[in-house]
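Number of protein chains: 2
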Amino acid sequence: MNDRYKEILGLLINALQNGPDGNEIPVGISNRHIHLSQADLETLFGAGYELTKMKDLSQPGQYACKETVTIAGPKGAIEKVRILGPVRKETQIEVIVGDKYKLGVAGELRMSGDLAGTPGVTLIGPKGSVQTKQGLIVAQRHIHMTLADADRLGVKNGDIVDIKVEGPRGGVMTNVAIRANDSSALECHIDTEEANAMGLTSKSTITIVK
Amino acid sequence: MNDRYKEILGLLINALQNGPDGNEIPVGISNRHIHLSQADLETLFGAGYELTKMKDLSQPGQYACKETVTIAGPKGAIEKVRILGPVRKETQIEVIVGDKYKLGVAGELRMSGDLAGTPGVTLIGPKGSVQTKQGLIVAQRHIHMTLADADRLGVKNGDIVDIKVEGPRGGVMTNVAIRANDSSALECHIDTEEANAMGLTSKSTITIVK
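Just so you know, the protein sequences line up as chains G and C, in that order.
Sequential numbering of the first sequence, starting at 0, is according to numbering that gives the first Met the number 0.
Sequential numbering of the second sequence, starting at 0, is according to numbering that gives the first Met the number 0.
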């Protein structure tokens, strides 16, 4: 299809779906959580253990599990940290900034999967504990979307954008990564501290600033 | 002094003090805390009790006290909440948004002292407890400054401004109240969630967006 037709069709579809000004993106709020490797899962919960799905998450194939673990660092521990499934190639511990102070670890702002050089922590489960070599991050805020969403919103996978938040604690948040692929649901992922600071709830929407 | 001379002198003083582009404002980060009335202090700690100063705060005459209390709501309690002195006319409980969920209270975004219609909570001290009729707020972000600072920065007491935050979690925060009087130290007050969300520490500075 001719690019100009495609652009106009995108605008039309957006207008029909979301109203004439509809570029609102739903907000998904993450509290601290852990993705485990199969090896670490078995150390913490026992040989051959499988995760128990409790609730599907908005991203296709992702789910919250019944299982929780304790995270411990040199200064303190945080109990009942939720495990998200399915298992991943490498264990990843996503905390909020306040947790870094509680645990006494340095943790950096990173995108999911970018773990080289991040701090390790101790994970404690019912059947054992693991000292991870790395894997603790504070998640960089990002927006999941399909390639069609990206097209409609005028962005592409890997872009870094600003987002606008309305309301009495509103403003603009910079350095928001676009993650576009065809297995994503449209959702802007921020953590609980970012949500609370900006007055956002799981019913809020944000827009990309052009 | 002629207004134009005053304006130029202000710019000169600013340039000498802060460098030619110096409009940086230091950040002060508040965790949850309580201001008590003398009556509530005595109920919680005993008749005739006086607060014990632990550390001066940056605002003249304000200090953190050795004493802490427990806050309790319908859903939960938070222990060891710091009391700030001196005592005030009315008890005021300043929490972060995450605390509202823990306590199970509705708490609104308010400026200090604007307590009409805010929720009450239970405060528990070593000698007794108080059910406050109102007084729980989440503090609206604000900037303390002298009238001379206000003049230099081109704002006045009561203005609502935007502030700019640099860095990987940077952005703009709207709805920041200017509180200018001659007994203030220049400082932008935000809470721990706002600081963590925007990557700010007690060594950070922000600027007012024009």
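Hints are supplied without guarantee of correctness; some may be wrong.
Pairs involving identical chains hold if they fit within one copy or between any two copies, as the list cannot separate such chains.
Subject to a maximum C-alpha distance of 25 Å in a straight line, what follows is the list of computed PhoX-like cross-link-like pairs (lysine-lysine) [as the list claims (entries may be wrong)]:
1) 52 x 126
2) 79 x 99
3) 74 x 202
4) 202 x 99
5) 202 x 101
6) 155 x 54
7) 54 x 74
8) 99 x 52
9) 163 x 88
No lab work stands behind these hints, which were simulated from the structure alone.
Reference check for the pair residue 99 and residue 52, CA-CA at most 25 Å: within, between, both, or neither? Neither: 28 Å inside a chain and 29 Å across chains, both beyond 25 Å.
Given identical chains, is residue 155 near residue 54, meaning Cα to Cα at most 25 Å, within a copy, between copies, both, or neither? neither (30 Å within a copy, 51 Å between copies)
For residue 79 vs residue 99, is the C-alpha pair at or below 25 Å within one copy, between two copies, both, or neither? both (16 Å within a copy, 20 Å between copies)
Alpha-carbon proximity between residue 54 and residue 74, which holds within one copy, between copies, both or neither at 25 Å: Cα proximity of residue 54 and residue 74: across copies only (23 Å, versus 32 Å in one copy).
Tell me, please, which holds for residue 202 and residue 101 at an alpha-carbon limit of 25 Å: within, between, both or neither? Result: close only across copies, 19 Å inter versus 29 Å intra.
Pop the pair residue 52 and residue 126 into one bin, within, between, both or neither, using alpha-carbon distances up to 25 Å. Close inside one copy (19 Å), not across copies (47 Å); limit 25 Å.
As a check of your reading, is residue 74 near residue 202 (CA-CA no more than 25 Å) within one copy, between copies, both or neither? For residue 74 and residue 202, only the inter-copy Cα distance (22 Å) is at most 25 Å; the intra-copy one is 35 Å.
Treating 25 Å as the Cα threshold, decide for residue 202 and residue 99: within, between, both or neither. Classified as between; 17 Å across copies, 28 Å inside a copy.
25 Å Cα cut-off: does residue 163 pair with residue 88 within a copy, between copies, both or neither? Classified as neither; 34 Å inside a copy, 39 Å across copies.
Checked against the numbered hints listed earlier, the structure breaks hints 6, 8, 9; every other hint is satisfied.
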